[in-house]
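Could you build all of it, start to finish, from the sequences and the hints given here?
Line by line, the protein sequences give chains Y and X.
The first sequence begins at 9 in this note's numbering and counts up one residue at a time.
The second sequence begins at 450 in this note's numbering and counts up one residue at a time.
I should point out that these hints are in silico values taken from the structure, not numbers from a laboratory.
Note that the Cβ used here is the ideal one computed from N, Cα and C, for glycine as well.
Any given hint could turn out to be false.
Claimed, not checked - Keeping only pairs whose Cα atoms sit at most 30 Å apart, straight-line, the calculated BS3-like set for lysine-lysine is:
#1 Y:Lys117 with X:Lys455
#2 X:Lys642 with Y:Lys385
#3 Y:Lys225 with X:Lys523
#4 X:Lys637 with Y:Lys398
#5 X:Lys642 with X:Lys583
Unchecked claim - Covered stretches of chain Y, going by a simulated chain X footprint (3 or more residues, C-beta under 8 Å):
#6 111-125
#7 258-265
#8 329-342
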Amino acid sequence: MNSAKRIYPKDSMTAQQRFDAAVRLETPDRVPLSLMLYYFAPVYAGVSMHQYMADPGTYASVMKKVWEEVGPWDIYYNIHPVSRLIYSYVLMMRTLWPGYELAEDEMAKVEEITYMNPEDYDSVIDGPELLGDTLFRLRMLGRFCKEAEGAGIASLATRMIIHLARQVRNWRKDFKWWREQGAAIQIGCQAEMPFDTFSQARNVLNFSMDLMRTPEKIGQASTRLAASYATFSVTVARLMGVPTVQCYCHRSSNSFISPKQFEELALPGLEVVVNRIVDAGMTPILHCDGDWLKNLPSMRRLPAGKVVLQLDGLTDIFRAKEVIGDRMCIFGDVPAALLAEGTPTEVGEYCHRLIEEVGKGGGFILAAGCEVPPNAKAECVRAMVDAVKKYGYYGERVSPPVAA
Amino acid sequence: MPDSLKSAVTDFQTKFLAFDIDAIPKATRDLLSAGCGLSDFLTACIPCMEEIGNKFEAGEYYLPQLVVAGEMFKIASRQVKAVAATDSGCKYIGKIVLATPKGDIHDLGKDIFAVLAEASGFSVQNVGVDIEPKILVQEIEKTGATILGLSCLLTTTYASVRETVRLLEEKGLRNSTRIVIGGGATEKSLVEKLGVDAQTRDAYEGIGIIKSWAAQTGSDIETKEAVA
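Here it is as structure tokens:
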């Protein structure tokens with residue numbers, strides 16, 4: 009981080025130093041806070057979702073308002089898309105946007121369509137490793153993304169570079185303001201992992217049958233794309249000037265697959281991705297939706313003190329701390345339901361427990377589970393900020409949290 | 450049950466429990482050739498789904514097994530319906546209306562639950578996604594269902610759930626309708642906050658809940674409807 013500005017008066021570290029210490033499993037001055045409030049922000053500010061997503065100026069002013077009135081906090085969750093094409097490329101799902109496919113005030117939604125055939129596993133396995141993931145995505149994009157329909161690989165690649173340049177230029181301008189406030193930036197690059205992309209692209213039924221009929225192909229194909237995924241992510245993160253890669257693992261949890269399937273089919277590719285990102289001097293943030301508890305023992309072989317495990321409330325985060333807290337920085341997980349329907353006292357108590365138990369000794373970042381929902385109560389979001397100020401400083405033990 | 454039907458049922462169940470989806474159409478044709486009606490078909494499926502459910506609960510099976518089991522049931526039930534749609538002896542243990550409420554378009558969890566509920570002996574009206582509260586209430590009135598299942602993957606559905614509860618109360622249907630919510634955006638505390646009757650963490654727990662409700666009502670619902 010460029011700025012040495014502190015977030016709160018009692019801080020002795022910058023937000024970036026705090027984040028880095030938590031990743032290394034060290035004890036920072038206090039628990040870092042990431043408010044992942046992309047969809048909450050426009051609702052709070054009373055701005056239409058369409059205007060917020062389509063106009064960078066509106067986005068910036070909304071975020072500034074939330075920062076000033078709800079925050080401040082440590083880590084800026086930067087997922088604002090400038091280009092629909094780039095957004096589709098990283099998520100690999102058809103997205104419906106407010107003001108385009110949806111009414112102006114609706115939240116963006118994902119529409120699951122089947123765009124991948126069983127033969128595509130073979131194409132990946134027999135295809136090149138160099139640029140394999142990039143070529144796979146370019147080949148698939150035209151099957152589900154309007155902006156890519158009818159385009160050949162070469163013209164789509166050219167268009168992608170132009171859109172990526174626009175996106176990077178916008179981000180770097182955006183980051184400047186956040187760094188001036190003292191915040192660390194969460195994401196240098198983000199993309200759905202290959203295994204999870206296959207699950208989404210085939211749809212759950214087809215993928216379930218693939219898992220029974222040709223599991224080895226899924227494993228081989230997702231490992232085949234791993235190196236290229238990592239190379240692309242590291243390159244983009246370097247362009248962005250942010251040394252983190254947020255790897256979306258939406259379909260690898262035990263809510264979808266067994267621990268055995270995870271270990272044999274998804275983990276080999278994940279391991280390649282993680283090791284390559286770490287070797288590049290960057291931090292992989294594993295965005296782990298669903299219940300991951302039974303996957304965690306096998307994930308202990310990933311490098312210690314280098315990886316962030318982002319949980320969404322469906323994994324028992326307290327057990328996760330016991331199982332893997334000595335290897336990975338844990339990130340989460342105030343439930344969306346609590347932020348939408350709870351009271352500030354309930355949120356404060358839950359944060360207190362997270363800080364004391366998951367944050368014990370460091371290696372923890374307080375955040376919402378997955379994201380702050382659009383209908384969260386502002387006072388509940390503020391309660392997360394207050395909890396960090398009240399309970400988050402290491403060495404300032406206050407009364408023990410209320411047991412769950 | 451005649452021996453030929455018993456044998457066809459055993460063969461069907463063996464294929465089903467082996468997740469041999471490609472063999473299901475023929476096994477179902479054999480059932481029908483042996484004189485299987487809708488009621489016998491459901492009787493054949495229920496123990497299979499229970500066994501798969503028990504293994505799911507025990508952590509031996511995961512979502513892929515549930516999904517494929519659901520698909521096998523759908524394939525077979527379509528074939529049986531085509532022939533046995535007028536089977537008047539079919540008894541359902543309850544009627545349920547299912548939907549993803551207004552504010553959400555996710556349908557995966559709901560659809561899995563729908564198939565499991567059918568295969569467990571319920572008559573299911575799967576209304577769809579992003580459904581307005583007034584439509585849900587109309588479906589309850591139209592079908593006479595006593596259970597409403599709502600799938601909520603986003604917190605933006607909460608307002609619709611509340612409104613549905615309010616409309617059911619206004620229509621005098623709340624006391625006769627039990628409501629279960631499920632999905633990633635739900636937790637137990639919402640039962641009281643949203644005014645519903647239960648929350649389920651997964652499809653199989655949900656099936657257990659609605660079965661217990663059906664058992665409490667104490668009477669099977671006899672119907673001439675085909676499997677939905």
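Could you tell me which of the numbered hints above are not met by this structure, giving the numbers in increasing order? 1, 8
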